[in-house]
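Same order as they appear, the protein sequences are chains A and B. When the letters of the first sequence are read in order and numbered with my numbering, they come out as residues 3 to 273. When the letters of the second sequence are read in order and numbered with my numbering, they come out as residues 4 to 273.
The set of hints was computed from the structure by calculation and includes no laboratory data. Every value quoted in this text rests on a predicted model; they were computed, and no experiment measured them. Even for Gly, the Cβ is constructed at its ideal location relative to N, Cα and C. Check each hint, because a few of them may be wrong.
As the list claims (entries may be wrong) - For the chain B half of the interface with chain A, some residues (derived, Cβ under 10 Å), not all of them:
| no. | residue |
| --- | --- |
| 1 | V39 |
| 2 | G57 |
| 3 | S107 |
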Amino acid sequence: MNLAANWHKFKTLYSVWLSHMLIYRAELVVWMLSGTVPWLMMVVWIGKAQTEGGSVAGFSAADFGAYFMAVWLTNQAVVAWVAWELDFQIRQGELSPKLLRPLDPVWEYWFRHLTEKSVRIPMAIPLAVAGLALVPGALAAFTPNLGAFLLFLLSLVLAANMRFFAAYCIGILCFWTDQATAIDDFWFFLAVFAGGIFAPLTLYPQWAQDMLQWTPWPYITYYPVQILNGALTGPAVLRVLLIEAAWLLFFWLLSRVAWHSGLRRYGAVGA
Amino acid sequence: MSNTIFGNVFGKYFKLMALFASASISAQLEYRFNFVVNTIGSILLAVTTFFGLGVLYGNGKPLGGWSFTEASVVVGLFLLVEGFMGAFLAPNLNKIGEGVRTGSLDFILLKPLDAQFLVSSRNINIFRLPDSLVGIGVVIWALVQLPDITLGGVLLGVALMVCGLVIVYGLWLMLATTAFWFVRVENMTELVWSLFRAGQFPVTVLPPVVRLFLTFVVPVAFISTVPAEAMIGRIEPINVVLAVVVALVVTLVSRWFWRFALRSYTSASS
């Protein structure tokens with residue numbers, strides 16, 4: 003297999019899945035709005051700031067608006083459904099024909115992830131801007147410079163791949179158990195708190211902040227948001243990017259090992 | 004005479020409910036590992052929700068007039084309602100759309116029983132019950148710490164809780180019933196329930212506009228905040244009346260809407 007042949011396959015996968023995702027654009031808007039946790043938390047924290055003389059631990063209502071809309075946007079870019087897709091397809095036996103193709107199935111799921119984002123993100127941006135416009139002063143508080151924005155994009159690409167390969171590992175669990183999607187829910191519960199979707203991590207107790215440094219979740223939402231809002235600069239940004247790359251490598255290797263041992267257990271349904 | 008007919012009809016429906024429940028439960032007891040995984044999930048959800056509440060109260064100031072322990076009652080009631088929805092409502096009402104789409108609703112309409120009863124009671128998902136148990140535990144834990152808790156207040160709270168569950172059922176039935184016209188409604192249901200996540204906080208924490216919306220448009224306030232107010236003994240009498248009235252109205256309107264929808268049902272194949 004040479005690079006040109008693969009490039010052709012990738013282009014085909016991208017255009018096939020892009021048209022698939024465009025059909026479901028209305029559903030995508032509904033799913034986007036269903037991810038209400040950042041919106042709810044924004045309202046709750048703004049309510050708290052208003053009753054406590056305008057700010058909580060240095061965050062004004064406008065700061066909370068800017069923070070939570072950046073969190074919501076980041077969430078839209080990193081959300082991954084691959085655990086559910088794998089679970090469904092392995093159980094229904096739909097994985098079998100994919101295994102016969104001369105390309106590892108991970109690519110198909112990966113392009114599905116990528117095309118979903120290509121449709122979702124352009125629709126998410128106006129909603130986030132609308133959210134910012136609703137909170138007085140939030141648009142002004144949300145003014146990333148070009149450098150910060152480009153670094154944010156880089157960290158977002160790493161974060162989206164981290165989440166994708168972590169979800170892929172969880173999906174692979176369904177070679178052993180039919181509870182893979184329930185385990186993916188665990189990830190979601192943990193991500194809400196550990197990823198800073200509930201509140202900026204600086205409002206957490208110190209021990210929790212220290213502990214969370216050792217988990218993947220802050221690197222998927224919290225730190226990309228901090229880069230976007232300009233709270234991190236220089237070496238701190240580099241450190242975040244390196245840790246993200248390390249987590250990505252870890253989840254990728256884990257998914258390769260798990261995939262190969264899972265396939266050995268795969269008795270195709272209906273075959 | 005009318006008394007015995009009344010008794011017979013209710014006896015029949017209760018017997019059927021018990022039968023449906025035992026059939027669902029024995030089917031699901033096959034999967035013990037699922038129960039373990041789902042219980043871990045319930046505990047994880049409760050712990051992370053609590054940790055979040057702790058962060059929200061991090062500077063020790065009360066929120067919207069609620070102390071941390073008082074707000075815990077709301078969190079516990081919310082977990083209880085979530086478990087109820089997952090265990091009793093979702094496995095039934097989410098199937099109405101499918102029944103309309105595939106025409107399998109015909110089999111229900113042909114049975115000599117009330118169709119609304121049948122679509123609402125056939126399945127129970129016992130794996131979601133741990134959510135409710137954790138919720139009840141949280142409520143009890145919070146109530147024993149609070150001063151001035153009276154038995155009357157707690158009983159009133161339980162009664163209002165029942166009103167809240169009735170409201171949730173009626174609203175969900177109406178949403179699911181729109182499937183007779185719109186066929187694919189699961190996503191819309193998802194969107195409305197995501198608004199219900201706001202019920203994990205006392206509504207007074209929220210800014211006034213949002214509070215009004217969550218009281219009168221999507222009545223989230225009645226499922227957790229109002230029963231909690233009764234339990235901790237600070238409820239306004241007007242809220243008791245409102246909760247009962249909303250529950251009655253939702254029940255009657257959803258019943259009427261369901262029958263109206265059935266009249267326009269033409270089955271999938273004809």
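Going down the list of hints, with the structure as the test:
1. The closest approach between the C-beta of V39(B) and any C-beta of chain A is roughly 9 Å, which is under the 10 Å cut-off, so the hint is satisfied.
2. Annotation: interface hint on G57(B) holds; nearest CB of chain A at approximately 8 Å, less than 10 Å.
3. Because the beta carbon of S107(B) sits about 20 Å from the nearest beta carbon in chain A, more than 10 Å, this interface hint is broken.
Hint violations for this structure: number 3 only, all remaining hints satisfied.
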